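A.B. asks: Chain by chain, the residues:
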Amino acid sequence: MDFEDTAEEAAYRTAVREWLAANAAEYKTPYEGDVDLVVRGKAWQAKKYAAGYVGITWPKALGGQGGTPMQQIIFNQEESKYWVPAGIYAIGLGMCIPTVFTHGRPEIIQRYVPVAMKGEEIWCQLFSEPAAGSDLAGIRTKAERDGDGWVINGQKVWTSGAHRADYGIIVTRTDPTQPKHKGLTMFIINMRAPGVEVRPIKQMAGASEFNEVFFTDVRIADDHRLGDVGDGWRVSLTTLMNERLAVGGKPTNSPDAHSLIELARAIDAEEGNMLEQSHVRQKIADVYIQDRGISLTRMRTMSAISSGRTPGPESSISKVVVAKLMQDMGSFAGDMAESAGLLVGEDASSLPHLDALRQGYFWSAGLRIAGGTDEILRNIIAERVLGLPGDIRPDKSVPFNELHKVVS
Amino acid sequence: MDFEDTAEEAAYRTAVREWLAANAAEYKTPYEGDVDLVVRGKAWQAKKYAAGYVGITWPKALGGQGGTPMQQIIFNQEESKYWVPAGIYAIGLGMCIPTVFTHGRPEIIQRYVPVAMKGEEIWCQLFSEPAAGSDLAGIRTKAERDGDGWVINGQKVWTSGAHRADYGIIVTRTDPTQPKHKGLTMFIINMRAPGVEVRPIKQMAGASEFNEVFFTDVRIADDHRLGDVGDGWRVSLTTLMNERLAVGGKPTNSPDAHSLIELARAIDAEEGNMLEQSHVRQKIADVYIQDRGISLTRMRTMSAISSGRTPGPESSISKVVVAKLMQDMGSFAGDMAESAGLLVGEDASSLPHLDALRQGYFWSAGLRIAGGTDEILRNIIAERVLGLPGDIRPDKSVPFNELHKVVS
Amino acid sequence: MNFQFSEEAEALRDEARKFLAAESGREKARAVMNGDATHDAALWSRIAELGWTGLRIPEAHGGLGLSVLELCVLAEEVGRALSPVPFTSSVLMATELLMASGHEATQAAWLPKLADGSAIGTVAWMEGDATRPDGTPKLSCSGDRLTGAKLPVADGLAADFAIVTARGEAGALVIALVDLSATGVSRSACDTVDLVRKSAKIVFSDAPCTVLARADEAERLRARHLQGTAVLLAFEGLGSADAAMEMAVDYAKERVAFGRRIGGYQAVKHRCADMYIKNQLARSHAYYGAWALLTGAPELALAAAGARVAAIDALQFAAEENVQLHGGIGFTWESDCQFFYRRGRLLALNLGSRTFWSDQLVRALEQRNTDLAA
Amino acid sequence: MNFQFSEEAEALRDEARKFLAAESGREKARAVMNGDATHDAALWSRIAELGWTGLRIPEAHGGLGLSVLELCVLAEEVGRALSPVPFTSSVLMATELLMASGHEATQAAWLPKLADGSAIGTVAWMEGDATRPDGTPKLSCSGDRLTGAKLPVADGLAADFAIVTARGEAGALVIALVDLSATGVSRSACDTVDLVRKSAKIVFSDAPCTVLARADEAERLRARHLQGTAVLLAFEGLGSADAAMEMAVDYAKERVAFGRRIGGYQAVKHRCADMYIKNQLARSHAYYGAWALLTGAPELALAAAGARVAAIDALQFAAEENVQLHGGIGFTWESDCQFFYRRGRLLALNLGSRTFWSDQLVRALEQRNTDLAA
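Chains as they are written, first to last, in my numbering: chain A, 1 to 408; chain B, 1001 to 1408; chain C, 2001 to 2374; chain D, 3001 to 3374.
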């Protein structure tokens, strides 16, 4: 047992480090200028592409490097030590493009994949709808045949980055007389096409990371279809498989047990400081067990990857643990800080980590939902990992347009 | 707002107190002799009956007092201040006899009710079976017509007091071709009849409060049927409505927040004693909120009864809170006591309340199940109180003997 | 046994609930959140007309002279409606504290205005740091002059006066009333987690004040104020918790996923049952607090702490799980879920945290044990 | 990155699991619980034949000289099987402590017997009171004589020797080995919550002993022993927790209520998912502990505490909810549920509670912070 790279991994890591040192120096600290995120992002992506750090695990025939998953992990680890503007490609290259090159026609792959890898076009993923969240197959956005192509009408929601995207992959209902998982079809859609309207969604905590997208008579050529007509559910699984990996953990630099330690130490108690209070110590231990437990679990997964094995199902526990933990840490930190826990903005307390912990209390409420709610994730663990029976599904074999009749 | 009796209640309470002082003096302390519980119980019940303290709320025509529920509560409160041997009649008079006088024929009521009230015959309730716990309607014990009467074959389980019972009420399946809730029929059964065999069930913690009961060709006359043939489910609801009231709370004298306070104070900590540790104080507050919260909730229920109103659904929360609380208190007390928390029997620690708290850790595991599991109780609260949809029931309209085909 | 509200109080509840349902829908809270006003002045006028602002004020000072039980009922209903008015600050806190102070001249000056709603009061004890409500303030009081700052002060922008805690001679506690229009007082908006109840930072520079109590008398007044307020805020929190639960339950009955209303899934329905359980426990403790407050029973210290802790727990749980049950929509700015989520944090911290009150609770239990032994 | 067991260790696990599944079904634990024997001697002989008793003992003393990783694997498997043998007391605790003591004469005397299973050891630090594992014992050691009592001592009736903690001159800690057949030693059965692992009360009256370490050296030896044992018992607990979870999951797949297998109800399936989550967290922390133990890393204090707390949590949850998911049958004497329920309590308290170890954990985190800052 060790935490060391293998010789090959070490060599790769050295090369990555050297390349980053030479090329990412400007990202050593957070950006404070006023250049648009897209402009900065495109510049960084072009550099990565030129150096062979895009599509590390993808086939060489697609312009990838044919590398190992461990190389991708190593690159991510090293890159995350910088404040690089890489986030705008996460969904496109992480979820959309693999779906395109798995299910698209050769000429479509040729048209979109290399350009996306270079960062010249940005992608988004158009799946969720107001009536189709956890139950994604409940989508209602229609695609109807019109001559050689299709016409799209409907609404998507929770679309990250739709406002800056050039293209998206969209799942639509092409046959409402089929049961809900049948009759779906996936397309590539031009986000600049007439009839596409993007509206930001303001979140509870104030930020707007997501959008609603409305489609009114938007035309798509049939060659932009991904997979067969009616096969959209299967195609979407390619995308979702990648999403579960992407939405897994907590953001880098988010609060941990050490944050609570430093906060507690900075708050006076009746005698000494709050870190000497046993209820605080017990809570910090709880936090460590969960938070560090998840990062150690990730190391077990990476060890499997490193040794060429398929990772076990242990990584399925990550988000369900981390999201609730951040919520609990946020309220606990507030309680320790007493009235200082109320303050926001200009008058906010300067107690260490308090602001980040309070923010965590808000975004964790969203993290418990995004990319699979706590409830869906527990279902997945119970059913897929432990083999317990699925929920009874009254909707499974009923035509979509008659579903209202079976709702109980 | 006050916690005082009304004038009528106060007068009744005074009368009860005086009667108990005159008649229950021997029960002021726990019994230490070797007379059988049944013998002592019968003596006490006869006294109560003679004085008009049995069936306080029952109609006078049945030999009851035609009193108010508040009078019954007052008598119970005052009686519980003595160590009276009243428990052996709890199920019979609390659940079985009300079922008998609600659904039995006049001559049957005449035969059984007065004798039971005097305490001369003891009753038990034969409902649960190995394959019918939470899902009580899944019972398999058969009753088949045989001339004028019925023949019973099958097995019951979790029957409290079956070993000392003279009679029982038993729910049987009389028509397996009907859906599960149909085709049930209730009877009075003579527990001394040929073919009835009672075997004690030893529990996890060692005691044997329950029994299995086996029936082999036991004959019952048709006049001992309660309600119509096939109407047993509805009849059993009379019994169960009373059970929920009976299994509600925790036993008198079981541990509470003060037990933890006294235990904590008796255990040294690094500085001072454990009661000064903030994690212990936080836990004690949690315990108080739940335990005292339930007893205060009971006062709200009693206030409604006292003012002649129907109590709200708030009493439904009692057992689900108390059972898990006792389990948590038990493990917390053990943790405080460190290695002393391991010891049982002769070498057990003399730390205050530790033994009771440890025992609570064991019996609470049973209390979380008996009389409705945590899960069933939450379903009841959600469905009956909050009006949320019931579980999907694939078994509802299927003939009982074809149920195996629909199990998912 | 009469552990329930009187029929008169229940009649007041019915009236209040109907009025607030009609006049104080959550869109009123949203308007204040999104706007610049410190509160909904029109709603506040209507409330004053109903006599709620003077509910407990003696008739001699223009109030209705009703009991604290009626005040508990209104606290719960205003909490349920999330009404964007300074009811908590002015009626539940400042008015009660002023009445308890026994300072007749000041009462004569302010109670009539409080009663008719023409004046708004608030209580300012927080100073932006992590001190607890029983700590020694940094705000200094020398003679009848205050110097220092208080923040966040709920409704501090709308208020006409504040009752403050301060440090007087030799570090002794002082409780004083400040006319916020006086010289030496400056106020600015101060953001908190709760966006509906607007708060202020108030800076005092040799500002004149009226001392209501000093030293031991001030300590007693503060302790009694904390206990009374704990009960009243417990009712407010209970009202909010019930409203959050009802919002969650209503949604669970409507929203469909996988061919069923989500309230049919045990993960959802059992969570709703847990909300109900916590709210019922909170209600029982709140009633106990009301009884102790009404009767001046020695159990008040215990009952107040229990009421506050149970209410904090109930509201926080209902608020968090209300978002969760709503899924993505619950996390949006447009959803009402955020009101409860934010109010939960406010009520958890605006009078000392659950940690502080849990400790107070155990102190009261220890005290009771001692009393029983004596 | 190689945060996993070697293929050799995994091969040993497969072999151990097969052997124990065949030879150590839970009916063996039941037989010991219901009988008078201190342990299953036949099973213990088989285990000794497999070399498990001498797994870590140097070849020079007749052992296999394997690493602590292999010992972790066996700890987990024996915990999974709930085998009624003194593996924890003798192999995980006494043998490890004797080897760590560096006391060569005593090692030469006992290690060969431990290796071939002809001797059983135990470690006796508890004294029936509420002291913690880092406290000062009451058992007194004067010269090489012990006076006092230890209880409960796991496998203390079966053991040939015990390593005890005692109070030496000037209150300094002493760690000593006692031959339990010596004069001045008397033993009696001592009941604990766990009915499978039989315990003893051992009374010493001027009993002869061999001192292994004194004062600072003894403190270091004890601290290291506590950390190492914390990791090994974490693996044992993890094995039991996984077995309890599997028992619950298997039952949930079979038992039918209301026309469905109960594992289809979210209340049940999500509880099973929570067991899985806790067990996975416990596994990751246990592996971290194994790595720290193997490499002697400075993270051992942190990793050992994390492993122990996570394992206690996982086993207690799985044990409690395993009973619950079984319903009435799970609460009977005849059900195997009680083994886990009782073992959960034993493992929670037999080396210091989760409270103790949570505090140790935070100490280690503070220390690491200090180290990083230095």
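It is worth saying that the hints were derived from the structure and are not from the lab. A quick note: this is a predicted structure, and the numbers were derived from the prediction, not measured. The C-beta atom is built at its ideal place from N, Cα and C for all residues, glycine as well. Misleading hints may appear alongside valid ones.
Stated by the list, open to error - If you want the footprint, here are the derived chain D segments under chain B, 3+ residues with CB under 8 Å:
#1 3121 to 3133
#2 3170 to 3177
#3 3340 to 3348
Claimed, not checked - Computed cross-link-like contacts, DSSO-like style, restricted to lysine-lysine with a CA-CA straight-line distance of at most 27 Å:
#4 A:Lys-324 <-> B:Lys-1202
#5 A:Lys-405 <-> B:Lys-1396
#6 A:Lys-396 <-> B:Lys-1396
#7 B:Lys-1405 <-> D:Lys-3113
#8 A:Lys-28 <-> A:Lys-118
#9 A:Lys-396 <-> D:Lys-3018
#10 A:Lys-47 <-> A:Lys-81
#11 B:Lys-1405 <-> A:Lys-396
#12 C:Lys-2113 <-> A:Lys-405
#13 A:Lys-42 <-> A:Lys-118
#14 C:Lys-2253 <-> A:Lys-202
#15 C:Lys-2253 <-> C:Lys-2018
#16 B:Lys-1324 <-> B:Lys-1202
#17 B:Lys-1396 <-> D:Lys-3138
#18 B:Lys-1202 <-> D:Lys-3138
#19 B:Lys-1396 <-> C:Lys-2018
#20 B:Lys-1405 <-> A:Lys-405
#21 C:Lys-2253 <-> A:Lys-324
#22 A:Lys-396 <-> C:Lys-2253
Claimed, not checked - Here chain C is said to cover these stretches of chain A; the calculated rule only asks that three of the stretch's residues, wherever they fall, bring their Cβ under 8 Å from a Cβ of chain C:
#23 6 to 18
#24 132 to 146
#25 197 to 206
#26 386 to 396
A.B. asks: So which of those numbered hints doesn't the model satisfy?
C.D. replies: 2, 4, 7, 9, 12, 17, 18, 19 and 23
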